[in-house]
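Dock chain B against the given chain A, drawing on the hints supplied.
Chains as they are written, first to last, in my numbering: chain A, 1 to 344; chain B, 345 to 731.
Just so you know, the hints here were simulated from the structure itself, not pulled from any lab data. Beta carbons: idealized from backbone N, C-alpha and C, even for Gly. Errors might be hidden in some of the hints.
[Unchecked claim] Label-pair restraints from in silico Cβ distances:
id, chain 1, residue 1, chain 2, residue 2, range
1, B, G406, A, R10, 56 to 62 Å
2, A, E265, B, R361, 31 to 37 Å
3, B, R578, A, G63, 34 to 40 Å
4, B, K524, A, F227, 28 to 34 Å
5, B, H523, A, F227, 26 to 32 Å
6, B, S476, A, V302, 40 to 46 Å
7, A, E192, B, H523, 56 to 62 Å
8, B, R378, A, E332, 39 to 45 Å
9, B, R607, A, A324, 25 to 31 Å
10, A, V302, B, H523, 46 to 52 Å
11, A, V229, B, D534, 47 to 53 Å
12, A, A31, B, R607, 56 to 62 Å
13, A, Q226, B, H367, 58 to 64 Å
14, A, L5, B, R365, 16 to 22 Å
Residue strings, one per chain:
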Amino acid sequence: MDLSLSDEQRLIQSTFAEFLRREAPSAVVRAAEPLGFDASLWASFAKLGAVGVGVSEAEGGAGGGLLEMVLVAEEVGARLAPVPFVETAVAARLVADLASPQGPRIAALLEGSQLATLAPWDAAATPEQLVPAGGVAQVAIARAGDTVLAVPPPEGTRPASNLASAPLASWRIAAGDALVLARGTRAVQRFERALDEWRLLTAAALVGVTRGALALAVDYATHREQFGVPIGTFQAISHPLADAATWLDGARLLVQEAAWSAGEEPQRFPELCAMAFAFAAEIAPRIAETCLHVHGGYGFSVEYDVQLHYRRARGWALVGGGAAGELRRLGELQRDNLDASGVR
Amino acid sequence: MDFRLGPAPEEVRSQIRAFLREHYTEEARERERREGNGHDWELFRKLAERGWVSAAWPREVGGGGRDPYEMLVFQWELGKAEFPWFGLLNNALVGRTLLELGSDWQRREVVPRIVRGEILVALGYSEPMAGSDVAAVQTAARRDGDGWIVDGQKIFTTQAHLAQYVFTLTRTNREVAKHKGLTVFLIPTDAPGVEIQPIRTVGGERTNAVYLSGVRVPDDLRVGEVDAGWKVVRYALGLEQGVGFADRMELFVERARAWARERNAQGERPIDDPRVRERLARASIHAEVAKLLRQRVAWLHATGQSERGEGPMAKLFSAEMFVEDVSDVMELLGPAGVLQHGEPGAIAEGYFEETFRGAPVTRIYGGSNEILRSQIAEGRLGLPRTR
Numbered sequence: 001m002d003l004s005l006s007d008e009q010r011l012i013q014s015t016f017a018e019f020l021r022r023e024a025p026s027a028v029v030r031a032a033e034p035l036g037f038d039a040s041l042w043a044s045f046a047k048l049g050a051v052g053v054g055v056s057e058a059e060g061g062a063g064g065g066l067l068e069m070v071l072v073a074e075e076v077g078a079r080l081a082p083v084p085f086v087e088t089a090v091a092a093r094l095v096a097d098l099a100s101p102q103g104p105r106i107a108a109l110l111e112g113s114q115l116a117t118l119a120p121w122d123a124a125a126t127p128e129q130l131v132p133a134g135g136v137a138q139v140a141i142a143r144a145g146d147t148v149l150a151v152p153p154p155e156g157t158r159p160a161s162n163l164a165s166a167p168l169a170s171w172r173i174a175a176g177d178a179l180v181l182a183r184g185t186r187a188v189q190r191f192e193r194a195l196d197e198w199r200l201l202t203a204a205a206l207v208g209v210t211r212g213a214l215a216l217a218v219d220y221a222t223h224r225e226q227f228g229v230p231i232g233t234f235q236a237i238s239h240p241l242a243d244a245a246t247w248l249d250g251a252r253l254l255v256q257e258a259a260w261s262a263g264e265e266p267q268r269f270p271e272l273c274a275m276a277f278a279f280a281a282e283i284a285p286r287i288a289e290t291c292l293h294v295h296g297g298y299g300f301s302v303e304y305d306v307q308l309h310y311r312r313a314r315g316w317a318l319v320g321g322g323a324a325g326e327l328r329r330l331g332e333l334q335r336d337n338l339d340a341s342g343v344r
Numbered sequence: 345m346d347f348r349l350g351p352a353p354e355e356v357r358s359q360i361r362a363f364l365r366e367h368y369t370e371e372a373r374e375r376e377r378r379e380g381n382g383h384d385w386e387l388f389r390k391l392a393e394r395g396w397v398s399a400a401w402p403r404e405v406g407g408g409g410r411d412p413y414e415m416l417v418f419q420w421e422l423g424k425a426e427f428p429w430f431g432l433l434n435n436a437l438v439g440r441t442l443l444e445l446g447s448d449w450q451r452r453e454v455v456p457r458i459v460r461g462e463i464l465v466a467l468g469y470s471e472p473m474a475g476s477d478v479a480a481v482q483t484a485a486r487r488d489g490d491g492w493i494v495d496g497q498k499i500f501t502t503q504a505h506l507a508q509y510v511f512t513l514t515r516t517n518r519e520v521a522k523h524k525g526l527t528v529f530l531i532p533t534d535a536p537g538v539e540i541q542p543i544r545t546v547g548g549e550r551t552n553a554v555y556l557s558g559v560r561v562p563d564d565l566r567v568g569e570v571d572a573g574w575k576v577v578r579y580a581l582g583l584e585q586g587v588g589f590a591d592r593m594e595l596f597v598e599r600a601r602a603w604a605r606e607r608n609a610q611g612e613r614p615i616d617d618p619r620v621r622e623r624l625a626r627a628s629i630h631a632e633v634a635k636l637l638r639q640r641v642a643w644l645h646a647t648g649q650s651e652r653g654e655g656p657m658a659k660l661f662s663a664e665m666f667v668e669d670v671s672d673v674m675e676l677l678g679p680a681g682v683l684q685h686g687e688p689g690a691i692a693e694g695y696f697e698e699t700f701r702g703a704p705v706t707r708i709y710g711g712s713n714e715i716l717r718s719q720i721a722e723g724r725l726g727l728p729r730t731r
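For reference, chain A alone in the conformation it holds in the complex (with noise of 0.2 Å):
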């Protein structure tokens, strides 16, 4: 067993985590509202090989794997970064993994020039969707049965205003605007394994997004004064916040076990990035409203940073189905993966 990072890993994280620091604090993060993009920090998030993390060398990408992704993930939702950094990062990979003489350049997503997203919804079933970074995108990766497509954004795509402050739009997905990438079985899997590192990596910037929030909720009952003692001396403040932490930990363990499972033992990954991402979308709101309370009156005011948190845990967590979406569908897998092992 080794949790530990290798030095490559510890200095991609600290890399992002430094770049963000600086690049963007929370200024920046309010500018960029409601939009939740801002094309200047993207274009110089996309030279530091954001998009490319996880793209093999030979393809132009820095050659790890979901490992790194998710470390990037978690710093950019620690920082709340409107850069569209899951979407883009997952499509990369999937249109690499396709290999189709058809659609997007790889090299073209990978410098930042064209943004590339997912259709996270059978657009058989749902053509009508929100999809996430739609509303800076230019291009969306779709399935429509066993098809998977490369979509331009519908005429007339506007951003969708929204709790999170997330780049999202509604697409209507017609077959007829689309190229087709890939069909059948293989195609299909494919499509939904990124759907499976869409949700990890979610659940990695959730994280993310959970460990600003306490960070701010800890410093605030550090120096916050009431009754002559700082908050934090009061259990009723300091216990929820070590639940916090406690809860916190144990889903970045999940999520980085998850990516660690899909080289190691892939026949779990399915399910690992399920429960990542059904286990961070329940604790991630539920934290960051801890974490606004902790602040008082103060928290619910536009002005503290923790809304900025309170507002995304939920939102971002949603739009990946939620944690009741996701229960739902993990659920599922399992009892049918029992039912096929044949274990009684």
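Chain B in isolation, oriented as in the chain A frame:
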């Protein structure tokens, strides 16, 4: 990163599973269910013969040199089998403490008997007026010639009725701060003036109240220096942290799934109800997270890193979620969920009913969850000392 424990722990797992299959018979389970001792002399001695009391101790002191991963798996398999192993655990903690802080005589005469499973030692910390605030113990030891006389009362002294000694925290000095006036003794349970009364628990375990009236204890049985008992207890407590209940959560999920996949009289399976499978999915996530938090503690110890609240986190999370999941799944069972083991129609032979009764103590013993939250708030988050 690598989330596998490795080949040596997996070898331990096969050994212990084989041991349990051979020796932990239905008869032994029934006996434990009836008596609730948390200890079985016959099985205890078999494990002691195989070196498991001192398995985690360094080889230099005669231990088995098992690493934290091997010990995790050993405890995991016993815990998951609901094996009555608390006696073994206490012997291991006390034996190791005596090796580190005891006298030459204790190391020579007492420790080998603890290791061989000839004797059992119970832990005597808690008192009626000193639970979480363990340094507030009032049981008094005063000098009497070459030895000591002890008066007072201990409570929740599990296995005292089976043990030869109680590892007893006493007050030897009232003139100093409460942590500084404590001394530990091994009090023989057959000494005149020791009276042991049973306390029955909701979970079916038996524990005890131990009354000490004018008990003469030779100085040979003093552990550590006079008035340095806090150091001794801290050392012993430090050995037992970071365990938690992830193993029992794994068992619980397996039993719940087995129940949910069985067809009822109408030919329906509970797991085909989305409400049931979503609740089981939640419990499975909690079991996985509890396992990871516990494995992290083993990893920290194995790599010589110091803890910053990770042990308390493992115990806190597992106990909170175990109580919640057990309660929620009970709610799904319907009326037959209340039937006890041995009753016709009892679900899973009464497993859930028993587990539900046993669950609340997980949030209480081994450091109550409130004490652990304060440790995490201070040790990990750097918050000021809380009260």
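Hint-by-hint comparison with the structure:
At roughly 40 Å, the beta carbons of G406 of chain B and R10 of chain A sit outside the given window of 56 to 62 Å. E265 of chain A and R361 of chain B have their C-beta atoms about 21 Å apart, which leaves the hinted 31 to 37 Å range violated. Distance hint check for R578 of chain B and G63 of chain A: the Cβ-Cβ separation is about 48 Å, which falls outside the suggested range of 34 to 40 Å. In this structure, K524 of chain B and F227 of chain A meet the distance hint of 28 to 34 Å, their C-beta atoms being roughly 31 Å apart.
Checked against the hint of 26 to 32 Å, the pair H523 of chain B and F227 of chain A passes, with Cβ atoms roughly 28 Å apart. Against the hinted window of 40 to 46 Å, the Cβ-Cβ separation of S476 of chain B and V302 of chain A comes to about 42 Å, which satisfies the hint. The hint said 56 to 62 Å for the Cβ distance between E192 of chain A and H523 of chain B, and at roughly 59 Å that hint holds. Look at R378 of chain B against E332 of chain A: about 42 Å separates their beta carbons, and that is inside 39 to 45 Å.
For R607 of chain B paired with A324 of chain A, a C-beta distance near 27 Å keeps the hint of 25 to 31 Å intact. Separated by about 48 Å at the C-beta atoms, V302 of chain A and H523 of chain B satisfy the suggested range of 46 to 52 Å. Restraint check, V229 of chain A to D534 of chain B: a C-beta distance of roughly 51 Å satisfies the suggested window 47 to 53 Å. Here the CB-CB span from A31 of chain A to R607 of chain B is close to 60 Å, well matched to the stated 56 to 62 Å.
At roughly 59 Å, the beta carbons of Q226 of chain A and H367 of chain B sit within the given window of 58 to 64 Å. Checking the proposed 16 to 22 Å range against L5 of chain A and R365 of chain B shows it is violated: the Cβ atoms sit about 40 Å from each other.
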